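Spelled out from the first residue to the last, the chains are:
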Amino acid sequence: DSGVTQTPKHLITATGQRVTLRCSPRSGDLSVYWYQQSLDQGLQFLIQYYNGEERAKGNILERFSAQQFPDLHSELNLSSLELGDSALYFCASSVSGHISDTQYFGPGTRLTVL
Amino acid sequence: AQSVTQPDIHITVSEGASLELRCNYSYGATPYLFWYVQSPGQGLQLLLKYFSGDTLVQGIKGFEAEFKRSQSSFNLRKPSVHWSDAAEYFCAVAPYGGATNKLIFGTGTLLAVQP
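First to last, the protein sequences are chains A and B. Using this note's numbering, the first residue of the first sequence is number 137, and each one after it goes up by one. Using this note's numbering, the first residue of the second sequence is number 438, and each one after it goes up by one.
Extracted from the complex, chain B is given alone in its bound form:
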């Protein structure tokens, strides 16, 4: 079945440590790919997006993501986590190169940051 998978429901990292959040998708054609962040009590904010071209994408707040076609993955990374990064992170996919104009979200990864 077509889906977006975020295998890690909850991750805890220490402040200053590196972070990688995983996202896998199962759509035939390369979809459009997005990462969003949701801080407590707030709406979602776009961190970065990928449509084509360079597979390493830079986003806001020091985040980056790498598209790996062979692994159907679009993992989010940050070299050094800050306490303010504690939030829920959602991977989203627009299938079929965005042709349907719909976003399919993963289940989210809740990030906790230890001092």
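Looking at chain A on its own, in the form it has when it is part of the complex:
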């Protein structure tokens, strides 16, 4: 158990809908990262937050957005969903947010778009 929690574990929705994925980092970690793992694209970095501020941005679509709240939990919002958005979405956390820190991954949320 990494100490990172993600909810829900599974999500099934329809095209065009909007969903919110939630992540709680390990106690004491200030930074949260979001990743997408799909058969087509592999494992891709989406976005990073540190203490409420966006720190780095990867291949995140404009339809997707994220935020980190004062209690340090983070949410990833996916809107206008397409079939190709079906994937496993991971959250990871680290202490300081520098890439040299160990990132601890949550178990993921599996999103299925029908």
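The hints are simulated quantities; they were obtained by calculation from the structure and are not laboratory data. Be careful, since some hints might not be right.
Each pair of labels, with its calculated beta carbon distance range [stated by the list, open to error]:
(1) ARG199(A) / TRP520(B): 41 to 47 Å
(2) PRO552(B) / GLY220(A): 35 to 41 Å
(3) SER174(A) / GLN439(B): 18 to 24 Å
(4) GLU503(B) / LEU219(A): 38 to 44 Å
(5) GLY499(B) / ARG246(A): 29 to 35 Å
Computed list of chain B residues with no C-beta within reach of chain A, every gap over 12 Å [what the hints assert, rightly or not]:
(6) ASP445
(7) SER455
(8) ASN461
(9) ARG514
Just so we're clear, the structure is a prediction, and the values are computed from it rather than from any experiment. Glycine included, each C-beta is placed from N, C-alpha and C at the ideal position.
Chain A is already provided as a structure; the job is to place chain B on it using the hints.
Okay, now just chain B, sitting in the frame of chain A:
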């Protein structure tokens, strides 16, 4: 193009045999290098990482990796594989010495262990 390559999609080894998983990168400056393991239905776990210094890095679960600048490689090794090592292994790179704060992952190598 800049990339991280794991040439072996799938590898099968016998329990007790040695293991080497290959990883090559194509970034100009020496990047930060990582190996992660993903067990079925679980998130990723960091095995080891390299930033600078001694090119042979020891990690958890008996794994080690060697950085070879001349070959742009960071291969993962284990002298004796256990059945519990069956999983998918990902090499990852933070380009430009970590300056971008982003991890680029390889496509993964799926390891099967035969009894």
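Hint check:
For ARG199(A) paired with TRP520(B), a C-beta distance near 42 Å keeps the hint of 41 to 47 Å intact. With their beta carbons about 39 Å apart, PRO552(B) and GLY220(A) fall inside the hinted range of 35 to 41 Å. Range check, SER174(A) to GLN439(B): Cβ separation about 21 Å, and the 18 to 24 Å hint holds. Restraint check, GLU503(B) to LEU219(A): a C-beta distance of roughly 42 Å satisfies the suggested window 38 to 44 Å.
The hint said 29 to 35 Å for the Cβ distance between GLY499(B) and ARG246(A), and at roughly 31 Å that hint holds. No Cβ of chain A approaches the Cβ of ASP445(B) within 12 Å, the least distance being about 15 Å, so the stated non-interface status holds. Separation of SER455(B) from chain A is adequate, the least Cβ-Cβ distance of about 26 Å exceeding the 12 Å criterion. Chain A leaves ASN461(B) outside its interface by the beta-carbon criterion, the shortest separation being 16 Å against a cut-off of 12 Å.
Listed as outside the interface, ARG514(B) is consistent with that label: its C-beta sits roughly 21 Å from the nearest C-beta of chain A, beyond the 12 Å cut-off.
The structure is consistent with each of the numbered hints, conforming to all of them.
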